[in-house]
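Colleague: Sequence:
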Amino acid sequence: MKKITSLFFLFLVVGMFFVINTKKETNVNSVVNYVSEKNHILSYQIDTSRIRLTTRTISKWIDESKFQILKIFDGEHDFRVNGDTMKRLENRMILFYEENGLDDKKLNAMLHGIPIISLEISADEQNIKKLMKQYPILEFEKITYS
Numbered sequence: 001m002k003k004i005t006s007l008f009f010l011f012l013v014v015g016m017f018f019v020i021n022t023k024k025e026t027n028v029n030s031v032v033n034y035v036s037e038k039n040h041i042l043s044y045q046i047d048t049s050r051i052r053l054t055t056r057t058i059s060k061w062i063d064e065s066k067f068q069i070l071k072i073f074d075g076e077h078d079f080r081v082n083g084d085t086m087k088r089l090e091n092r093m094i095l096f097y098e099e100n101g102l103d104d105k106k107l108n109a110m111l112h113g114i115p116i117i118s119l120e121i122s123a124d125e126q127n128i129k130k131l132m133k134q135y136p137i138l139e140f141e142k143i144t145y146s
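With the first letter of the sequence shown counted as 1, position 68 gets the number 68 in our numbering; the numbers rise by one all the way through.
Calculated directly from the structure, the hints in this document are not laboratory data. Since the structure is predicted, the reported quantities are computational estimates derived from the model, not experimental observations. Treat the hints with caution; some may be incorrect.
[To be verified] Distance ranges between label pairs, derived from CB positions:
{"id": "1", "residue 1": "Glu99", "residue 2": "Lys142", "range": "14 to 22 Å"}
{"id": "2", "residue 1": "Phe140", "residue 2": "Arg80", "range": "16 to 24 Å"}
{"id": "3", "residue 1": "Ser49", "residue 2": "Phe18", "range": "55 to 63 Å"}
{"id": "4", "residue 1": "Val14", "residue 2": "Gln134", "range": "14 to 22 Å"}
{"id": "5", "residue 1": "Lys142", "residue 2": "Asp78", "range": "39 to 47 Å"}
{"id": "6", "residue 1": "Thr85", "residue 2": "Gln134", "range": "38 to 46 Å"}
{"id": "7", "residue 1": "Arg80", "residue 2": "Phe18", "range": "39 to 47 Å"}
{"id": "8", "residue 1": "Leu12", "residue 2": "Gln126", "range": "42 to 50 Å"}
{"id": "9", "residue 1": "Gln45", "residue 2": "Leu107", "range": "27 to 35 Å"}
{"id": "10", "residue 1": "Lys129", "residue 2": "Ser59", "range": "15 to 23 Å"}
{"id": "11", "residue 1": "Leu12", "residue 2": "Phe140", "range": "53 to 61 Å"}
{"id": "12", "residue 1": "Glu99", "residue 2": "Lys129", "range": "37 to 45 Å"}
{"id": "13", "residue 1": "Ser59", "residue 2": "Arg80", "range": "13 to 21 Å"}
{"id": "14", "residue 1": "Leu107", "residue 2": "Lys133", "range": "36 to 44 Å"}
[Stated by the list, open to error] DSSO-like, lysine-lysine: derived pairs with alpha carbons at most 30 Å apart:
{"id": "15", "residue 1": "Lys66", "residue 2": "Lys142"}
{"id": "16", "residue 1": "Lys87", "residue 2": "Lys60"}
{"id": "17", "residue 1": "Lys60", "residue 2": "Lys133"}
{"id": "18", "residue 1": "Lys130", "residue 2": "Lys60"}
{"id": "19", "residue 1": "Lys142", "residue 2": "Lys60"}
{"id": "20", "residue 1": "Lys66", "residue 2": "Lys87"}
{"id": "21", "residue 1": "Lys66", "residue 2": "Lys133"}
{"id": "22", "residue 1": "Lys60", "residue 2": "Lys71"}
{"id": "23", "residue 1": "Lys130", "residue 2": "Lys142"}
{"id": "24", "residue 1": "Lys130", "residue 2": "Lys71"}
{"id": "25", "residue 1": "Lys130", "residue 2": "Lys66"}
{"id": "26", "residue 1": "Lys71", "residue 2": "Lys106"}
Positions of the beta carbon are idealized from the N, C-alpha and C atoms, including for glycine.
Model the full structure from these sequences, guided by the hints.
Modeller: Here it is as structure tokens:
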């Protein structure tokens, strides 16, 4: 009798584990399908020369939780962000200026932050449209990769 009850509970536990595992997989698949159908990731180049945007003031204009910043152009050089925070990117750019003998740019960057002339961002279509409405002074150019 003890063997029958222990077998019953064993099958019950295995059955519950199977049901829970199956539900998790279907939930993940439905979320992935929803995101891929609803949101289209777009890349844009934004001309920020009309405003005084620096690596220290970029968070006031662009929410980094909604937008992925891909590349920053300071007027002479392109810098890929590569998942760095703005502070780490700024330090990397200052080190670049120092290594290339651009002491005046290095000093200006240390005091005021690095001026951003244009940048590339990537985000879903809804967030890009909101940013375009919020800041009509910025010029947006869609980037198509071929």
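Colleague: None of the hints should be skipped; say for each whether it holds.
Modeller: Status of each hint after checking the structure:
Between Glu99 and Lys142 the C-beta distance comes to about 34 Å, which lies outside the given range of 14 to 22 Å. Range check, Phe140 to Arg80: about 20 Å between beta-carbon atoms, so the 16 to 24 Å window is met. At roughly 60 Å, the beta carbons of Ser49 and Phe18 sit within the given window of 55 to 63 Å. With their beta carbons about 54 Å apart, Val14 and Gln134 fall outside the hinted range of 14 to 22 Å.
In this structure, Lys142 and Asp78 break the distance hint of 39 to 47 Å, their C-beta atoms being roughly 18 Å apart. Restraint check, Thr85 to Gln134: a C-beta distance of roughly 23 Å breaks the suggested window 38 to 46 Å. Here the CB-CB span from Arg80 to Phe18 is close to 46 Å, well matched to the stated 39 to 47 Å. Between Leu12 and Gln126 the C-beta distance comes to about 46 Å, which sits within the given range of 42 to 50 Å.
Distance hint check for Gln45 and Leu107: the Cβ-Cβ separation is about 28 Å, which falls inside the suggested range of 27 to 35 Å. Between Lys129 and Ser59 the beta carbon distance is about 21 Å. The supplied range of 15 to 23 Å therefore holds. A hinted range of 53 to 61 Å for the beta carbons of Leu12 and Phe140 is consistent with their spacing of about 58 Å. At about 40 Å, the CB distance of Glu99 to Lys129 agrees with the hint of 37 to 45 Å.
Remark: the range hint 13 to 21 Å for Ser59 to Arg80 is upheld by a beta-carbon distance near 19 Å. At roughly 38 Å, the beta carbons of Leu107 and Lys133 sit within the given window of 36 to 44 Å. Under the criterion of a C-alpha separation no larger than 30 Å, the hint pairing Lys66 with Lys142 is consistent with the structure, at around 17 Å. Among the hinted pairs, Lys87 with Lys60 is consistent with the structure: their alpha-carbon atoms are about 15 Å apart, no more than 30 Å.
With a CA separation close to 16 Å, the supplied pair Lys60 and Lys133 stays within the 30 Å bound. For the proposed pair Lys130 and Lys60, the alpha carbon gap of about 15 Å is at most 30 Å, so the pair holds. With a C-alpha separation of about 22 Å, the suggested pair Lys142 and Lys60 falls inside the 30 Å cut-off, and the hint holds. The suggested pairing of Lys66 with Lys87 holds, with an alpha-carbon distance near 18 Å, which does not exceed 30 Å.
Distance hint between Lys66 and Lys133 is fulfilled; the C-alpha atoms sit about 15 Å from each other, no more than 30 Å. Using a Cα cut-off of 30 Å, the hinted pair Lys60 and Lys71 holds, with the two alpha carbons roughly 18 Å apart. Between Lys130 and Lys142 the CA atoms are separated by roughly 15 Å; this keeps the pair inside 30 Å, and the hint holds. Straight-line distance between C-alpha atoms of Lys130 and Lys71 comes to about 21 Å, which keeps the hinted pair within the 30 Å bound.
For the hint linking Lys130 to Lys66, the alpha-carbon distance of about 11 Å falls within 30 Å, and the restraint holds. Annotation: proposed proximity of Lys71 to Lys106 holds, straight-line Cα distance about 19 Å (limit 30 Å).
The earlier numbered hints that this structure contradicts are 1, 4, 5 and 6.
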